[in-house]
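Which chain is which? The protein sequence lines are B and E, in order. FYI, the numbering for the first sequence is 197 to 878, going by this note's numbering. FYI, the numbering for the second sequence is 72 to 223, going by this note's numbering.
If you're looking for bench data, these hints aren't it; they were derived computationally from the structure. Fair warning: there could be bad hints in the mix.
For lysine-lysine, the following DSBU-like pairs were computed, each having C-alpha atoms within a straight-line distance of at most 35 Å [said to hold, decoys possible]:
| id | chain 1 | residue 1 | chain 2 | residue 2 |
| --- | --- | --- | --- | --- |
| 1 | B | K707 | B | K578 |
| 2 | E | K201 | B | K578 |
| 3 | B | K531 | E | K92 |
| 4 | B | K707 | E | K201 |
| 5 | B | K707 | B | K754 |
| 6 | B | K783 | E | K92 |
| 7 | E | K136 | B | K578 |
| 8 | B | K707 | E | K171 |
| 9 | B | K716 | E | K171 |
| 10 | B | K622 | E | K171 |
| 11 | B | K713 | E | K198 |
| 12 | B | K539 | E | K198 |
| 13 | B | K505 | B | K622 |
| 14 | B | K578 | E | K92 |
| 15 | B | K716 | B | K622 |
| 16 | E | K153 | E | K92 |
| 17 | B | K539 | E | K92 |
| 18 | E | K201 | B | K613 |
| 19 | B | K613 | E | K153 |
| 20 | B | K610 | B | K707 |
| 21 | B | K754 | E | K92 |
| 22 | B | K613 | B | K578 |
From chain B, some residues computed to sit far from chain E (all C-beta separations above 12 Å) [to be verified]:
| id | residue |
| --- | --- |
| 23 | V619 |
| 24 | I676 |
| 25 | L746 |
Computed beta-carbon distance windows for the label pairs [stated by the list, open to error]:
| id | chain 1 | residue 1 | chain 2 | residue 2 | range |
| --- | --- | --- | --- | --- | --- |
| 26 | B | L570 | E | V157 | 17 to 23 Å |
| 27 | E | D99 | B | N773 | 17 to 23 Å |
| 28 | E | E102 | B | L574 | 40 to 46 Å |
Yeah, the Cβ is synthetic: ideal placement off N, Cα and C, and Gly gets one too.
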Amino acid sequence: MVPELGHFALILALLLALVQGVFPLIGAARGITGWMAIARPVTQGQFVFVAIAFGCLAYSFLNNDFSVSYVAENSNSALPWYYRFTAVWGGHEGSLLLWVMILNIWMVAVTVFSRRLPEPIIARVLGVMGWISIGFLLFMLLTSDPFDRLSPIPANGRDLNPLLQDPGMTTHPPMLYMGYVGFSVAYAFSIAALLSGRLDASWARWTRPWTTIAWTFLTIGIMLGSGWAYYVLGWGGWWFWDSVENASFMPWLVGTALMHSLAVTEKRGAFKSWTVLLAIFAFSLSLIGTFLVRSGVLTSVHAFATDPKRGLFILVFLSIVIGVSLALFAWRAPKVGMGGSFKLVSREAMLLSNNVLLVVAASTVLLGTLYPLLLDALNLGKISVGPPYFNSVFVPLMAPAIFLMGVAPLARWKEAKLPELAVRLKWALGVSVAVALILPFVVGEWTPLISLGFLLAAWVVATTIVNLRHRLRQFDGSLISRIMRQPRSYYGMLFAHFGIAVFIVGVTMVKSFETEKDVKMNVGEVATIGGYAFRYDGVTEVQGPNYQALRGTITVSKGDEVVAVMHPEKRAYTARNDSPTTEAAIKGGITHDLYVAMGEPIDPSNIMGAWAIRIHIKPFVRWIWMGCIIMAIGGLLAVFDRRYRLPLRVLDAEGAPEATVTRVAVPAMGAAPTSSLKSRNT
Amino acid sequence: MMNRWLIAAVLFTAFGIASGKEAAPLADDPELEARTMQVASELRCPVCQDETIAVSQAGVSVDLKNQIREQLRQGATEAQIKQYMVQRYGDFILYNPPVKTTTWLLWFGPFLLMLAGLIVLYYTLNKRNKTMALPVGRSDSIVQPASSESRP
């Protein structure tokens with residue numbers, strides 16, 4: 197009964213999505229107020245029905261309804277309830293439902309937080325999002341129904357993939373999808389602007405916070421995935437350049453470009469068509485990413501053929517979304533104005549150059565991901581594209597981007613003077629070169645790559661400091677008041693850039709100085725590595741809810757002090773015949789992680805005897821994720837900037853319509869300090 | 072006998088400090104093993120889903136790791152081993168795809184794209200500056216002044 201309700205709710209949601217996709221758009225084009233006005237209630241109605249469907253699927257999982265094929269595939273009665281809940285998105289069908297659920301959350305957010313926008317804009321935005329929803333709901337109902345029943349009903353389910361039975365499963369996919377799907381808002385705003393022909397600075401201001409918050413979610417989502425892979429896969433890697441990761445990284449790169457491009461469009465009215473194009477790309481890449489991962493085409497071109505219905509739907513849907521968007525762009529964009537003028541050496545030009553680099557980086561990831569498929573499809577042979585390729589093409593693309601990242605925020609809008617820039621950056625350059633030359637010796641070894649890593653990190657930090665100092669100098673008052681008076685979005689930028697530096701330090705250190713040791717350990721034996729002594733104290737059998745584990749005990753001491761007792765595990769999940777999973781034990785720290793993973797017993801018949809154990813010391817690995825968190829904090833600061841809330845307050849105070857609101861707008865992130873001071877005083 | 076171990080274990084735990092006999096490395100020759108893993112980490116397991124031979128526990132991978140170790144022991148270079156692997160499994164096994172006619176686009180594409188992007192950018196900006204230096208045409212006509220925004 198409940199699964200049928202869910203199925204029915206999905207159908208109703210689809211019908212509402214159709215209404216949402218058709219009437220508000222026509223209403224906006226024809227100026228029919230009533231048709232535009234239904235956008236909000238219909239959207240909220242659709243949300244309710246998708247939420248009901250989601251709830252029904254969750255209910256089926258929590259109540260072990262194995263008559264539902266998807267539940268039987270991805271759950272088991274012995275699975276703890278919280279993993280039964282997260283198993284909702286543990287497979288293809290449920291992931292799609294999560295996608296639609298999150299799309300609906302974003303749509304409702306648009307209806308709630310965009311009260312001040314003109315009605316035709318909001319009608320168009322919701323209309324466009326309605327069509328995205330139609331696509332996904334149709335895909336689910338036609339090819340991937342999570343509520344399909346099974347007959348005969350199996351006694352128990354096949355259980356959730358053991359790798360997914362992890363706390364990471366509760367946060368990583370939802371966060372990642374919040375990011376992916378969040379770009380649909382920026383996309384919908386862009387399409388709405390193209391449809392209306394009104395592409396101006398206020399369009400950029402409306403789009404910016406949505407883009408930034410989606411980017412923030414995506415950053416956190418990717419970080420969580422990386423951290424999860426680090427401890428669950430058992431060999432301590434944090435990024436593998438595998439196609440699933442690449443699928444999330446491409447929208448991140450383009451989304452980053454989009455954020456910066458939007459800043460310029462809002463501030464200077466320039467790059468409008470480019471910004472729109474980026475918004476289209478960011479969301480298209482999110483779609484491509486979702487579908488590449490979900491269709492199974494990445495593991496083999498032939499997976500496409502095993503389920504031609506799904507593959508065909510995906511191809512058609514992608515072609516429609518991307519084709520229609522680009523056609524609309526080609527039709528409308530040439531009519532878009534140019535905005536303010538600027539010189540070749542200016543903040544605008546530098547931001548544009550960085551945009552180019554970020555987009556090229558994203559294209560590289562796309563190229564590397566799709567190239568093997570293309571060659572195979574053309575019968576030109578099978579190749580693999582892996583980490584060595586990405587590392588060797590990515591560093592030369594990113595290094596200049598990071599260099600520019602330091603320069604651009606210091607350059608003036610419109611026209612920057614090179615000598616003036618040079619004076620400002622002299623100090624930063626000196627410090628970073630010195631750091632690059634000397635620091636590698638201090639931490640261990642000088643190699644060109646380590647040096648480059650430190651150079652870039654030091655450059656970002658030094659230019660950030662120069663930027664802050666220069667900015668504060670332009671204000672009067674005590675230091676504290678000057679610091680307090682800067683807008684949050686300015687600190688957002690500093691945080692995000694500083695996060696990159698922290699990230700680079702982490703990557704450089706862990707790539708260059710990680711050490712590992714594979715040892716054969718009898719009970720009581722010690723492995724010494726990096727000044728730590730790891731003593732193996734044997735294994736015990738542990739009975740988990742749906743697995744049996746062998747849990748090792750490893751006592752770690754440094755000098756005369758015990759620093760950790762670690763418990764790596766090997767788990768065999770009862771309902772699955774997969775090989776046992778490895779639960780690494782990690783003792784984290786700011787400067788290094790101790791990482792211990794159990795291999796196999798040396799003599800398989802004697803598990804109480806010696807074991808193969810792998811011990812890693814991973815210097816600064818946490819900095820990689822700390823850097824991402826700092827970037828995300830930067831994103832949050834920017835979103836909560838006062839200027840996005842300012843119009844609301846003005847509205848409350850004066851009860852004025854939008855017309856007043858837009859005039860009060862404060863300049864964008866990184867605006868010339870004097871002007872932002874002035875506008876704050878208005 | 073058992074008791075003595077137990078006491079020893081308790082004592083260890085009581086004092087806590089991890090001291091004891093140094094464990095033997097898993098491999099007889101750790102240096103050779105490190106080189107083996109280095110080579111193995113750039114080769115793709117032929118039967119798994121996107122895993123290196125170094126990481127994969129599949130039978131083929133274990134077998135191939137043994138082969139790499141053996142060939143290294145006999146003095147083969149990394150390049151020779153990779154060539155041997157390519158002969159057996161094709162380019163598919165290399166995570167670092169070889170530069171050849173079919174992969175030119177893959178290897179040089181990104182840099183060509185960067186170059187093209189920056190050149191196009193340069194010319195666009197130049198042209199834009201020239202156009203903007205001219206008296207204002209109709210190019211800005213579609214841009215609405217911010218103040219004209221209100222409900223229709």
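To see whether the hints hold, each was checked on the structure:
1. B:K707 with B:K578: Between K707 (chain B) and K578 (chain B) the Cα gap is close to 29 Å, so the pair holds against 35 Å.
2. E:K201 with B:K578: violated, 49 Å
3. B:K531 with E:K92: violated, 78 Å
4. B:K707 with E:K201: Since the Cα atoms of K707 (chain B) and K201 (chain E) sit roughly 48 Å apart, the hinted pair is violated (cutoff 35 Å).
5. B:K707 with B:K754: Holds - the C-alpha atoms of K754 (chain B) and K707 (chain B) are around 24 Å apart, at most 35 Å.
6. B:K783 with E:K92: OK: K783 (chain B) and K92 (chain E) at ~23 Å, within 35 Å.
7. E:K136 with B:K578: holds, 22 Å
8. B:K707 with E:K171: holds, 29 Å
9. B:K716 with E:K171: violated, 43 Å
10. B:K622 with E:K171: violated, 43 Å
11. B:K713 with E:K198: Violated - the C-alpha atoms of K198 (chain E) and K713 (chain B) are around 60 Å apart, more than 35 Å.
12. B:K539 with E:K198: Roughly 11 Å separates the two Cα atoms, so the pair holds.
13. B:K505 with B:K622: The given pair, whose Cα atoms are some 60 Å apart, is violated under the 35 Å limit.
14. B:K578 with E:K92: Cα-Cα ~49 Å, so violated.
15. B:K716 with B:K622: Violated, at about 54 Å.
16. E:K153 with E:K92: violated, 39 Å
17. B:K539 with E:K92: Distance of about 70 Å is beyond 35 Å: violated.
18. E:K201 with B:K613: holds, 19 Å
19. B:K613 with E:K153: This hinted pair is violated, its Cα atoms lying about 52 Å apart.
20. B:K610 with B:K707: violated, 40 Å
21. B:K754 with E:K92: Since the Cα atoms of K754 (chain B) and K92 (chain E) sit roughly 16 Å apart, the hinted pair holds (cutoff 35 Å).
22. B:K613 with B:K578: violated, 51 Å
23. V619: holds, 25 Å
24. I676: Correct as stated: the minimum Cβ-Cβ distance to chain E is 34 Å, above 12 Å.
25. L746: Nearest chain E Cβ is 16 Å from L746 (chain B), so the label holds.
26. B:L570 with E:V157: 17 to 23 Å: holds, 20 Å
27. E:D99 with B:N773: 17 to 23 Å: Given range 17 to 23 Å: violated, Cβ gap about 33 Å.
28. E:E102 with B:L574: 40 to 46 Å: holds, 43 Å
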